[in-house]
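Here our numbering runs 361 ahead of the position in the sequence shown, where the first position is 1.
Be a bit skeptical, because a hint or two may be false.
[Said to hold, decoys possible] Distance windows between CB atoms, simulated:
hint, residue 1, residue 2, range
1, Gly461, Ser394, 13 to 23 Å
2, Gly602, Glu435, 17 to 27 Å
3, Glu619, Asn568, 16 to 26 Å
[To be verified] The list that follows gives simulated cross-link-like pairs (lysine-lysine, DSS-like), each with its CA atoms no further than 30 Å apart:
hint, residue 1, residue 2
4, Lys392, Lys494
5, Lys486, Lys385
6, Lys452, Lys393
7, Lys393, Lys449
8, Lys597, Lys607
9, Lys507, Lys449
10, Lys486, Lys437
11, Lys597, Lys629
No lab work stands behind these hints, which were simulated from the structure alone.
Yeah, the Cβ is synthetic: ideal placement off N, Cα and C, and Gly gets one too.
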Amino acid sequence: MVKLSEKLRFGGLDKVNQLQVPSKIRAWIDKKSFTVDDIGMSGNEVLIFDDMVLKITDNSAFMADEVQLMRWLEGKIPVPQVLEYEEKNGKCYLLMSRIGGEMSCDDYYLENPNILLKALACGLKMLWEVDVKDCPHVRDLDTVLKEARMQVENNLVDLDNVESDTFGENGFESPKHLLEWLENNRPTFEPVFSHGDYCLPNIFLENGKVKGFIDLGRAGIGDKWNDIALCYRSLKHNFDGSYGGKVYEDFNPDMLFEMLGIEPEWEKINYYLLLDELF
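Please model the complete structure; the sequences and the hints are all you need to start from.
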């Protein structure tokens, strides 16, 4: 993973004008300097200010869900505060407070894996302790597989961003065949509050403790093993140099399970990793 500071570029007024930022939001950010985040793979525009973040996307349903979840989570777990939200000109504009701390893929934490693993395990347990009785979003397999089918039928699966063995000679013939397998091999559902994309760049740490969670568009009542699976894969790739960073040969991602105090259920882990390939 490339360091955050190496992946941001400076932006200014021309960028704000280009993005047609609504006047209500411009009142918050006028004359403030920012950087443009190129780290994520979501395709969103993200402007980072000293104390705020402006996220811009053209997926209104997805963004509206994220805003609703963030508001619901206030006071439950540390998430950004929604400052303004507006839909205009076919775009969605979410202005939120900026979470402090560092991404959990920061070099310091990669160099200190025991601190990192303890924090990530605590973060998972923090999510699982959220009372979901009035959670506004359900991310059970019926819901997620329906979304996966839409991805496949509309040819939206990014085949350049999948594991090397998912498709091809030793994998599935196509996204359609993978989807059929997923629909026919559902694991038992273990409901908790799930982040939905529990990867290292989405978990911010400060002094070895969870400072906050970001990118909550896929959060809701989901399976605990979905977050475990994505965390495991994110750990593996951040430490094995898959993102262009240093290779840490002595690191074993299986240590995550020791920190969680559970035995890995590999069938469920592999299932959710395969399911994520369709997104």
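Status of the hints after comparison with the structure:
1. Look at glycine 461 against serine 394: about 18 Å separates their beta carbons, and that is inside 13 to 23 Å.
2. The hinted window of 17 to 27 Å between glycine 602 and glutamate 435 is violated, with their beta carbons roughly 38 Å apart.
3. At roughly 22 Å, the beta carbons of glutamate 619 and asparagine 568 sit within the given window of 16 to 26 Å.
4. Using a Cα cut-off of 30 Å, the hinted pair lysine 392 and lysine 494 is violated, with the two alpha carbons roughly 43 Å apart.
5. Only pairs whose Cα atoms come within 30 Å are accepted, and lysine 486 paired with lysine 385 is rejected, the gap being roughly 38 Å.
6. Restraint check for lysine 452 and lysine 393: satisfied, since their Cα atoms lie roughly 22 Å apart, inside the 30 Å limit.
7. Only pairs whose Cα atoms come within 30 Å are accepted, and lysine 393 paired with lysine 449 is accepted, the gap being roughly 22 Å.
8. Of the supplied pair hints, the one linking lysine 597 and lysine 607 holds, its CA atoms being roughly 12 Å apart against a limit of 30 Å.
9. Distance restraint check for lysine 507 and lysine 449: the Cα-Cα separation of roughly 28 Å lies within the 30 Å cut-off, and the hinted pair is therefore satisfied.
10. Taking the CA atoms of lysine 486 and lysine 437, the gap is near 13 Å; set against the 30 Å cutoff, the hint holds.
11. Restraint check for lysine 597 and lysine 629: satisfied, since their Cα atoms lie roughly 17 Å apart, inside the 30 Å limit.
Violation of the numbered hints given earlier is confined to hints 2, 4, 5; the remaining hints are satisfied by the structure.
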